[in-house]
Amino acid sequence: MYSPNDSYFAFPGITAEEVLILQQVTAELDEQRKARFLTIYSAKRRNPQDLVLFTLLGFIGIAGVQRFIVGQVLMGILYLLTAGFCFIGTIIDIANYKNLTTEYNKKMAYESFQIAKMYN
1 MYSPNDSYFA FPGITAEEVL ILQQVTAELD EQRKARFLTI YSAKRRNPQD
51 LVLFTLLGFI GIAGVQRFIV GQVLMGILYL LTAGFCFIGT IIDIANYKNL
101 TTEYNKKMAY ESFQIAKMYN
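Quick note: the sequence shown, position 74, residue 74 per this note's numbering, numbers continuous.
Note that these hints are calculated values from the structure, not bench results.
Glycine is no exception: its CB is placed at the ideal position from the N, C-alpha and C atoms.
Keep in mind that the hints are not guaranteed to be accurate.
Cross-link-like lysine-lysine pairs, in silico, DSS-like; alpha carbons within 27 Å at most [stated by the list, open to error]: (1) Lys44 x Lys34; (2) Lys107 x Lys44; (3) Lys98 x Lys34; (4) Lys107 x Lys34; (5) Lys107 x Lys117; (6) Lys34 x Lys117; (7) Lys106 x Lys34; (8) Lys106 x Lys117; (9) Lys44 x Lys98; (10) Lys44 x Lys106; (11) Lys44 x Lys117.
Cβ pair distances, simulated, as ranges [what the hints assert, rightly or not]: (12) Ile60 x Gln114: 35 to 43 Å; (13) Ile88 x Gln114: 35 to 43 Å; (14) Cys86 x Asp30: 49 to 57 Å; (15) Tyr110 x Phe9: 17 to 25 Å; (16) Val19 x Ala95: 17 to 25 Å.
With these hints in hand, go ahead and build the complete structure from the sequences.
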């Protein structure tokens, strides 16, 4: 199912679920559009390990950075003003960092697909 030569594995911290999403999204693209998709997606994609580091920043006074990184601006502001819901929200985000990253990357994959499809 997964070949080591697959270009999806070049992304740092990629999960099997994300590879499956990328394979589904790019199934109907030709090689040129697939290459364009991968270029666009690589710029938009977030690494799960980076999200953990940004979440840990919440414990030293900059809570909510992880929410800004995944495009949840209102939650980021709320975390910033409430010290990550008194650190409870920050702890939950550390436990769920893979889900946050996967959902964001899934959204970016579909967005990148739409952009790549527009080009001739």
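Quiz item: Can you name, in rising order, the numbers of the hints this structure does not satisfy?
Solution: none
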